[in-house]
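Asker: Given these sequences and hints, build the entire structure.
Residue numbers (this note's numbering), protein chains in the order written: chain A, 1 to 232; chain B, 1001 to 1232; chain C, 2001 to 2218; chain D, 3001 to 3218.
To be clear, the hints were calculated from the coordinates, so they are not data collected in a lab.
Hints are supplied without guarantee of correctness; some may be wrong.
Cβ-Cβ distance ranges computed for the label pairs, FRET-style [claimed, not checked]:
#1 Lys3020/D - Ser77/A: 44 to 52 Å
#2 Lys1051/B - Ile2029/C: 31 to 39 Å
#3 Glu15/A - Ser2184/C: 16 to 24 Å
#4 Val199/A - Pro2060/C: 24 to 32 Å
#5 Met1142/B - Ala73/A: 29 to 37 Å
#6 Asn3150/D - Glu15/A: 47 to 55 Å
#7 Lys1051/B - Arg3213/D: 23 to 31 Å
The C-beta atom is built at its ideal place from N, Cα and C for all residues, glycine as well.
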Amino acid sequence: MEAKMEMQSKVTTLENALSFINDGCVLMFGGFGGVGNPPTLIKGILQKGTKSLTLIGNDAGFPEIGIGKIVSAERVSKLITTHIGSNPIAGKLMVEGKMEVEFCPQGILAERIRAGGAGLGGVLSDIGIGSMIEVGKQKVEMGGKTYLIEPALYADVAIVHAKKADYFGNLIYDKSARNTNPLVATAGKITIVEAEEIVAPGMLDPESIITPGIYVDMIVESEGVDWKWAWE
Amino acid sequence: MEAKMEMQSKVTTLENALSFINDGCVLMFGGFGGVGNPPTLIKGILQKGTKSLTLIGNDAGFPEIGIGKIVSAERVSKLITTHIGSNPIAGKLMVEGKMEVEFCPQGILAERIRAGGAGLGGVLSDIGIGSMIEVGKQKVEMGGKTYLIEPALYADVAIVHAKKADYFGNLIYDKSARNTNPLVATAGKITIVEAEEIVAPGMLDPESIITPGIYVDMIVESEGVDWKWAWE
Amino acid sequence: MGMGIEVRNRMASRAAKEIKAGMVVNLGIGIPSLVPNFLAPETEVLFHAENGVLGMGPSPSNGEEDAMLCNAGGFPVTVIPGASYFDSATAFAMIRGGYLDMTILGGLEVSEKGDLANWVIPGKRIPGIGGGMELAEKAKKVIVLMSHVNKHGEPKILQECTLPLTARGCVDLIITDMAVIEVSEKGLLLKEVMEPFTEKDVREMTGAKLLVREGGKK
Amino acid sequence: MGMGIEVRNRMASRAAKEIKAGMVVNLGIGIPSLVPNFLAPETEVLFHAENGVLGMGPSPSNGEEDAMLCNAGGFPVTVIPGASYFDSATAFAMIRGGYLDMTILGGLEVSEKGDLANWVIPGKRIPGIGGGMELAEKAKKVIVLMSHVNKHGEPKILQECTLPLTARGCVDLIITDMAVIEVSEKGLLLKEVMEPFTEKDVREMTGAKLLVREGGKK
Chain A
1 MEAKMEMQSK VTTLENALSF INDGCVLMFG GFGGVGNPPT LIKGILQKGT
51 KSLTLIGNDA GFPEIGIGKI VSAERVSKLI TTHIGSNPIA GKLMVEGKME
101 VEFCPQGILA ERIRAGGAGL GGVLSDIGIG SMIEVGKQKV EMGGKTYLIE
151 PALYADVAIV HAKKADYFGN LIYDKSARNT NPLVATAGKI TIVEAEEIVA
201 PGMLDPESII TPGIYVDMIV ESEGVDWKWA WE
Chain B
1001 MEAKMEMQSK VTTLENALSF INDGCVLMFG GFGGVGNPPT LIKGILQKGT
1051 KSLTLIGNDA GFPEIGIGKI VSAERVSKLI TTHIGSNPIA GKLMVEGKME
1101 VEFCPQGILA ERIRAGGAGL GGVLSDIGIG SMIEVGKQKV EMGGKTYLIE
1151 PALYADVAIV HAKKADYFGN LIYDKSARNT NPLVATAGKI TIVEAEEIVA
1201 PGMLDPESII TPGIYVDMIV ESEGVDWKWA WE
Chain C
2001 MGMGIEVRNR MASRAAKEIK AGMVVNLGIG IPSLVPNFLA PETEVLFHAE
2051 NGVLGMGPSP SNGEEDAMLC NAGGFPVTVI PGASYFDSAT AFAMIRGGYL
2101 DMTILGGLEV SEKGDLANWV IPGKRIPGIG GGMELAEKAK KVIVLMSHVN
2151 KHGEPKILQE CTLPLTARGC VDLIITDMAV IEVSEKGLLL KEVMEPFTEK
2201 DVREMTGAKL LVREGGKK
Chain D
3001 MGMGIEVRNR MASRAAKEIK AGMVVNLGIG IPSLVPNFLA PETEVLFHAE
3051 NGVLGMGPSP SNGEEDAMLC NAGGFPVTVI PGASYFDSAT AFAMIRGGYL
3101 DMTILGGLEV SEKGDLANWV IPGKRIPGIG GGMELAEKAK KVIVLMSHVN
3151 KHGEPKILQE CTLPLTARGC VDLIITDMAV IEVSEKGLLL KEVMEPFTEK
3201 DVREMTGAKL LVREGGKK
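Answerer: Here's what the structure looks like:
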């Protein structure tokens, strides 16, 4: 019986994980204001030189923190996000026409990502009716109310930061660094996790696992977080 | 500082909790096949004599187990659920016209309940297109695909079973008895929790809390579960 | 459908051969629930349940059951290391999101196009749809385990289903007490005939055309 | 907007008086983040953050910051007993689901109907909407903390907003360096005038009609 309980390890090298992140792909990232962006994967993407990315995630980070580095390095052709206020370079690239930006209310972006992972076509939202948010979106009337149809979002690759992963890919997160990571983890055709610590299956409490390993394709060990000075 | 950290207790008597569950109300219940239905609250509802309920939940339980007891006692005028196969009395009442039944695919019911709690109008689903599931529902075309609009579900009162509650209402569940409970907990105007154990705030790991206490209005101590013999 | 335990076990055993290491599998109630008994012990499979369990292990011993841990059919289960619990919305998010490699379901009728009817029993009350539609529509591979004929001795494999459909064109493989039949683009492919039946028996008891693959078993 | 720390603290202190025991409150960045400093220590309030924290406590001491624990503005926080962590979808599910009693936001313009504009800074690049729309539309009570006039000395409280709206008719109370103004069904109600200003000053610097409640402060 013991043999049956051994699960195949999804732990891999950074190099192998990066081989799945290529020019022009749709890349979804976990994190909120830099915190929870996977720093080792981001560094790897920068070093590899991957470009023309469609990036989907909460925000544009800071110019030199988290996902912001990829934006600052002009590797992004389109960004679907909720705000870029913390990264002036993102605003500059948008104004110069070097990067297309689509804005979405923050909780609705989270729901669109969740819907993608959950095999739903989208959600009905009453947020931003009459604002620029509704541009290009279908509306429906239901029960006397108007809703926007907010379509699901998907990615070729989702990158995620976790506190601990077992090698099957069950994940737990760390305080507010959880943020969008569990949602993003579900919505990638390929989901790559950067974990601070990797343990054997059975070491994480099944009641406390936030992301079941079914969603995870590859696990890379983190070189450690680099966002501490975001607020220093 | 200590005083600031004291949260007002939501623990109450069964009698007080039941005073919010009245004839004709929309009652949503957690649980799946009897397991995770809150037995003490159900017993209380039966004893109180509450009737003409609109019931929303995964299934009709068994004739003498869980929510099935309320169905068997003919207290339900309408049931929105996924199947009634385990409760022949439910089928009999449906055929006799004594109880209206609306069926929904199981995962879509879960999403409709979640949408209600999450302030969404509903979700876009491709499940059951061309079947009786689509009767009375709007359709939308998006990206060349057809989706049903599955509207959010709400309740006057949601009843939930939990393993542990702190007295602010943070909840953890017990293995597969979790099932629909965390979803139902979010979708009631009033949410009443039956907990096996009640502890002080701070006793539950903030990383492992499944239902944040913000969703919970009242907590009643459980007299213990009664569904063990469902499979005996 | 009145089949003996040996026949049911043989069907389950045959279905078990379709399960490959690393798969995530959801089993319906009835004969599908016997499938794990026939897996090679070293086969690394993750069993999924709609009520919110991933990584179910063997049935517990008598007296070792946990009232808080069961599968979607309400039967007590155990979990293996690496298992996780989640709510039912997540359980179905996994199904609709395409994360299930296989589901093994019971069936009332299957058409030659792979349509499945398995939820409205003729002459009985409508029991509701449960989770069957989502599993049938979204699992990567759908195997139906059912008796070859109904209790009136009539074929359950038909050109067109007569009962309300669970899902269209969803079935990949049919395993019955008489045969193993693949739903291919060209039509139904008879892959195996179960003892003591002959190919002729199978054809007589099947309401649709059966092709035979060259080099395949008759 | 160039207001000194004393003025900012006075505004935060005034906003703190609106918070009642048991409330669930979300604070925007800027002046709203100063509000907890002015709560009576026994006030039982749950502070909510969009990134997924309920039950934030005081700011950590220098050197005690945790890189994994911050509010939605990215500033380090602590948590109180009974706090919980969750994902951002849940954080906003709480907001849209109507579970937030109050949000205290910054503002660029507020109209006499309670329309709020607080996301497109004129002449600057569009920074995006963040979580402001959902908070403004869905929190039970919306308080705006802002300077009474813009950097050109022009009123920010207007008959109609000129900037793109965050949400319509959402604002309940405006607290500025000059006044406290309630958005009532009849229009803007001047409730308090801050020193050293006079009611006349406030009226001159306000681009909409101000009513005065009988028996209220002038």
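Asker: Against this structure, judge whether each hint is valid.
Answerer: Verification of the hints:
1. Lys3020/D - Ser77/A: 44 to 52 Å: Holds: the Cβ-Cβ distance is about 49 Å, inside 44 to 52 Å.
2. Lys1051/B - Ile2029/C: 31 to 39 Å: holds (33 Å)
3. Glu15/A - Ser2184/C: 16 to 24 Å: violated (40 Å)
4. Val199/A - Pro2060/C: 24 to 32 Å: At roughly 26 Å between Cβ atoms, Pro2060/C and Val199/A fall inside 24 to 32 Å, so the hint holds.
5. Met1142/B - Ala73/A: 29 to 37 Å: 34 Å Cβ-Cβ, so the 29 to 37 Å window holds.
6. Asn3150/D - Glu15/A: 47 to 55 Å: Taking Cβ atoms as reference, Asn3150/D and Glu15/A lie about 53 Å apart, which means the hint holds.
7. Lys1051/B - Arg3213/D: 23 to 31 Å: violated (48 Å)
Taken one by one, the earlier hints fail for this structure at numbers 3 and 7, listed in ascending order.
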